[in-house]
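Asker: Listed in order, the protein sequences are those of chains A and B. First residue of the first sequence: 446, per my numbering; consecutive thereafter. First residue of the second sequence: 353, per my numbering; consecutive thereafter.
Derived by calculation from the structure, the hints in this document are not laboratory data. It is possible that some hints are incorrect.
Below, computed lysine-lysine pairings styled on DSBU-like, alpha-carbon distance capped at 35 Å [unchecked claim]: (1) A:496 with B:402; (2) B:402 with A:558; (3) B:519 with A:500; (4) A:514 with B:402; (5) A:496 with B:574; (6) A:557 with B:402; (7) B:519 with B:485; (8) B:519 with A:521.
Here are some chain A residues the structure puts well away from chain B; computed CB gaps all over 12 Å [what the hints assert, rightly or not]: (9) 490; (10) 492; (11) 497; (12) 498; (13) 501; (14) 514; (15) 519; (16) 521; (17) 525; (18) 527; (19) 529; (20) 532; (21) 536; (22) 555; (23) 558.
With the C-beta cut set under 7 Å, the calculated list includes, among others, these residues of chain A facing chain B [stated by the list, open to error]: (24) 503; (25) 506; (26) 509; (27) 538; (28) 554.
What you are looking at is a predicted structure, and each value in this text was computed from that prediction instead of being measured. Built from N, CA and C at the ideal position, the CB exists for glycine as well.
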Amino acid sequence: MNKYFFRKHWLLTILFLLCGLIIVLTFFRQRINSNSTQKSKSEIVDDFDAKIIEKRENSILVEAFDYRKEILVSTKLLEEKETFSVGDIVNIGYNGLIEESDPLGVTALCIKKVRD
Amino acid sequence: MKRLLFLLVAVSFTILMKDNLIAYANEDGKEESIVMLEKDLVTGEETTEKIITSDDVDVLNANAYQPEGASPNIIIGDDERAPVPDMLLSLMPYSAIGRVRTTFPDGSGKLGTGFLFGPNDVATSGHVLLSNKGELPSNITFWFQNAGPIADLRGTQVFIPEEYRNKQSQDYDWGVFHVNTNIGNNRGYMGWTSDVSVNTVVQVIGFDSVQNRMLLAGGQVKEIRNNTIRYNVDASDGQSGSPVVNRVLDNRIVAIHSSGIPAALLNQGNKVTPSMASVLNRYRNE
């Protein structure tokens, strides 16, 4: 009886520890993934100033001063969703690639308000 | 104690299952196969299809089709973007290149360039076929500059790599769609090849939104990456989806133009990889 009790207790403890290990490992893995997502800001290779002319879901339409063209900026990858208004002047950091559809498109990695 | 243990086991099991599912999804993203997201534009139904990637030489290289009477290999000078003369618009490869307009369920839209790679099969950029909300279009229109009495063609089915829809990865910025007539049998259609190297002379032929007409420019490939090539050929808005053509190889594309890199003064296209070639081969309705 005692032997059975100890064996059961021992198995339960192992199971308990295993479950705890899985949860702890998952937690650390998510922390690592989160850090790698934050690296996206360091992937910014170019930026431009622009005026917001329209707000949409997951994107803003801006007029880029350097290119004098409208660019559809995807805000999907932004971690901190700062609130912007139509008319704001912003600086947009991106990975250096401008999609050459009409309208032109970039995926913003960082948007900073320059002035209202 | 038993309840706590039961809860822990349940949480752990859920986490393990989730990880297994992610691992399975990642396997699909390997180059051995490519998962294409498909949308029937008539019914609106979305499905996926897994296409096995092939390295077969007949898949990596496909001939263009040129209707009788059309003249091949009209070489125009390098490094200058110039309007394609009207008299050439009915000749290959210009006759196979048209404009693409997509309309998304939220009412927004995009304009790009597309080219026939089969009788009713058009290729273009992935970002022309996907909204910023990650939606496939509800409507696609394709038309030619010199179409004359031919009405706009309507897209019937659209296909993009699932990898592009899920991650907007620049490596998979391309897609294809079918149109409602076999117009390619009259106008001709492009072939493809994975044979490209640094310094290869290429031309980008597509529609510029400002000039609203077909432009042609030539230059050299300057950089080759796993899934993309970069070249010093001029392009601008509206030209996404343009064929990047090696004219020496009889109207075969080597890439699909997608984007510009202002900092490097280069443009970029998605090159013909075994994945892309296998997909083009699968959806070419000959």
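Asker: Now tell me, hint by hint, if it's right for this structure.
Answerer: Do the hints match the structure? See the list:
Taken as a hint, the residue 496 (chain A) and residue 402 (chain B) pair is broken in the structure, with Cα atoms around 43 Å apart against an allowance of 35 Å. The hinted pair formed by residue 402 (chain B) and residue 558 (chain A) fails the criterion: a straight-line CA distance of about 44 Å is larger than 35 Å. Using a Cα cut-off of 35 Å, the hinted pair residue 519 (chain B) and residue 500 (chain A) holds, with the two alpha carbons roughly 22 Å apart. Restraint check for residue 514 (chain A) and residue 402 (chain B): the C-alpha separation of about 39 Å exceeds 35 Å, so the hint is violated.
Taken as a hint, the residue 496 (chain A) and residue 574 (chain B) pair is honoured in the structure, with Cα atoms around 34 Å apart against an allowance of 35 Å. Only pairs whose Cα atoms come within 35 Å are accepted, and residue 557 (chain A) paired with residue 402 (chain B) is rejected, the gap being roughly 41 Å. Restraint check: the Cα-Cα separation between residue 519 (chain B) and residue 485 (chain B) comes to about 12 Å, which is no more than 35 Å; the hinted pair holds. Our distance criterion of 35 Å between C-alpha atoms is met by residue 519 (chain B) and residue 521 (chain A), whose separation comes to about 10 Å.
Distance to chain B contradicts residue 490 (chain A) as a non-interface residue, since its nearest Cβ pair spans about 6 Å, not more than 12 Å. Some Cβ of chain B comes within 12 Å of the Cβ of residue 492 (chain A); the nearest lies about 10 Å off, and the non-interface call is violated. The claim that residue 497 (chain A) is not at the interface with chain B holds, since no C-beta of that chain comes within 12 Å of its own (minimum 15 Å). With 12 Å as the threshold on Cβ separation, the claim that residue 498 (chain A) sits away from chain B holds: the shortest Cβ distance comes to roughly 14 Å.
Distance to chain B contradicts residue 501 (chain A) as a non-interface residue, since its nearest Cβ pair spans about 7 Å, not more than 12 Å. Taking the minimum C-beta to C-beta distance to chain B, about 7 Å, the non-interface status of residue 514 (chain A) is violated against the 12 Å cut. Not every CB of chain B lies more than 12 Å from the CB of residue 519 (chain A), the least distance being 5 Å, so the non-interface label is violated. A beta-carbon of chain B comes within 12 Å of the beta-carbon of residue 521 (chain A); the shortest separation is about 7 Å.
The beta carbon of residue 525 (chain A) sits about 18 Å from the closest Cβ of chain B, which is more than 12 Å, so the claim that it is off the interface holds. Distance check on residue 527 (chain A): its Cβ is at least 18 Å (rounded) from any Cβ of chain B, clearing the 12 Å threshold; non-interface status holds. The beta carbon of residue 529 (chain A) is kept farther than 12 Å from every beta carbon of chain B, the shortest such distance being approximately 15 Å. Residue placement check: residue 532 (chain A) keeps its beta carbon more than 12 Å from all beta carbons of chain B (closest about 21 Å).
Under the 12 Å C-beta cut-off, the non-interface status given to residue 536 (chain A) relative to chain B holds; the minimum distance is some 15 Å. With a closest Cβ-Cβ approach of about 16 Å to chain B, residue 555 (chain A) is found to remain outside the 12 Å limit, as its non-interface label requires. Listed as outside the interface, residue 558 (chain A) is consistent with that label: its C-beta sits roughly 21 Å from the nearest C-beta of chain B, beyond the 12 Å cut-off. With 7 Å as the threshold, the beta carbon of residue 503 (chain A) comes within range of chain B, its nearest partner Cβ sitting at about 5 Å, so the hint holds.
Interface restraint check: residue 506 (chain A) against chain B, minimum CB-CB distance 10 Å, threshold 7 Å, status violated. Interface hint status for residue 509 (chain A): violated, as the beta-carbon distance to the closest one in chain B is roughly 10 Å, over 7 Å. The interface hint given for residue 538 (chain A) is violated, since its Cβ lies 12 Å from the closest Cβ of chain B, which is over the 7 Å cut-off. Taking 7 Å as the C-beta contact cut-off toward chain B, the hint placing residue 554 (chain A) at the interface is violated, the least distance being around 12 Å.
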